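Student: Please arrange chain B on chain A, whose structure you already have, making use of the hints.
Protein chains: 2
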Amino acid sequence: MNANRPALVETELRCGETAVEAPLACDAGLVFIGRVRTPWLERGQCPRRGDLEGPLCRLEVDEIWRPALRGVSAGAMIQVLYWMDRARRDLVLQSPRSASAPVGTFALRSPVRPNPIAVSDALVVEANESGLLVRGLDCLDGTPLLDIKPASCPAWREPS
Amino acid sequence: MNANRPALVETELRCGETAVEAPLACDAGLVFIGRVRTPWLERGQCPRRGDLEGPLCRLEVDEIWRPALRGVSAGAMIQVLYWMDRARRDLVLQSPRSASAPVGTFALRSPVRPNPIAVSDALVVEANESGLLVRGLDCLDGTPLLDIKPASCPAWREPS
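The listed protein sequences correspond, in order, to chains A and B. Counted from 1, the first sequence has number 79 at position 79 by this note's numbering; the numbering is strictly sequential. Counted from 1, the second sequence has number 1086 at position 86 by this note's numbering; the numbering is strictly sequential.
Hints in this document: simulated from the structure, not taken from any laboratory. Check before you lean on any hint, since a few could be wrong.
Claimed, not checked - Partner residues aside, some chain A positions facing chain B, computed with beta carbon under 7 Å: (1) A25; (2) L146; (3) I148.
Said to hold, decoys possible - A few chain B positions that, by computed beta-carbon distances, are all more than 12 Å from chain A: (4) T1011; (5) L1013; (6) G1044.
Unchecked claim - One side of the interface only, derived from the structure: several residues of chain A facing chain B at Cβ under 7 Å: (7) D27; (8) L69; (9) V72; (10) G104; (11) C153; (12) A155.
Computed from a prediction, not measured in an experiment: that's the story for all the values here. In this text, a Cβ means the ideal position worked out from N, Cα and C, and glycines have one as well.
Chain A on its own, in the form it takes in the complex (with noise of 0.2 Å):
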């Protein structure tokens, strides 16, 4: 879909790991509203997780859906719902580096997951007619981007 992307590596299971013949993911229907820009090009380079003072990204959004970021402001906590399209589906256990023994796909936050669909909370620094400028994503660059949303955790509804 995007020549700039390396294709999906299926990465090989470690220890204790456990992959199941997962069913068709075609119960419901996607549409990527645009893609998330980031300084990251490999997936060794990304944060372990985002950090609201880590460097600056772009929510780039497709023309189409730009006039539902009215209201989107600069200085707002958003959660950005975002597709890891290079992450393999089928893993049930997996084996974190950090842990002694197999963990539930449940259990983890991995991109590896039946439907690897990130949610990071990101701050707004600035709102512009084609997207916002971000802090506080650990994605790679050219990431399809699924949602955006003000975010709900209650730590950012007040200052702290």
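Tutor: Relative to the frame of chain A, chain B by itself:
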């Protein structure tokens, strides 16, 4: 897909609301991993937002994905992703009753959005073989379940 669920009702547009001719939602496919069981059978009964002291709800996980629950236990705060399968997906401006002028979809947590994925934080009350009993949800009974992950909100990381 589920004979017990009424079909989508296209809600009428309110004053100032704007629909677009949305592109086909086929950039990526979702797999439903189970269903959310709640006490609410009609939209009007659902609370406006989930409450961690609200009624018990059940996350029914399909058999193939159940091993992925290993490591999720009572007392954990989780993020639940589900699919709001009865919301229209083509509005860019919406007129919530509480607003004096139309607001962009990305400035709202309304179910009406290009990809109607809900993200709710919930408290695990019991984990058993077939799923989880939780508090904190606000959706209709039978809503398709997409994902379960550990909550990321800093408010849940330390006792208040």
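Student: Give a verdict on every hint.
Tutor: These are the hints, each one checked on the structure:
no. : hint  : in the structure
1   : A25   : 4 Å, holds
2   : L146  : 5 Å, holds
3   : I148  : 4 Å, holds
4   : T1011 : 17 Å, holds
5   : L1013 : 14 Å, holds
6   : G1044 : 22 Å, holds
7   : D27   : 4 Å, holds
8   : L69   : 5 Å, holds
9   : V72   : 5 Å, holds
10  : G104  : 4 Å, holds
11  : C153  : 3 Å, holds
12  : A155  : 4 Å, holds
When the structure is compared with the earlier hints, no violation turns up for any of them.
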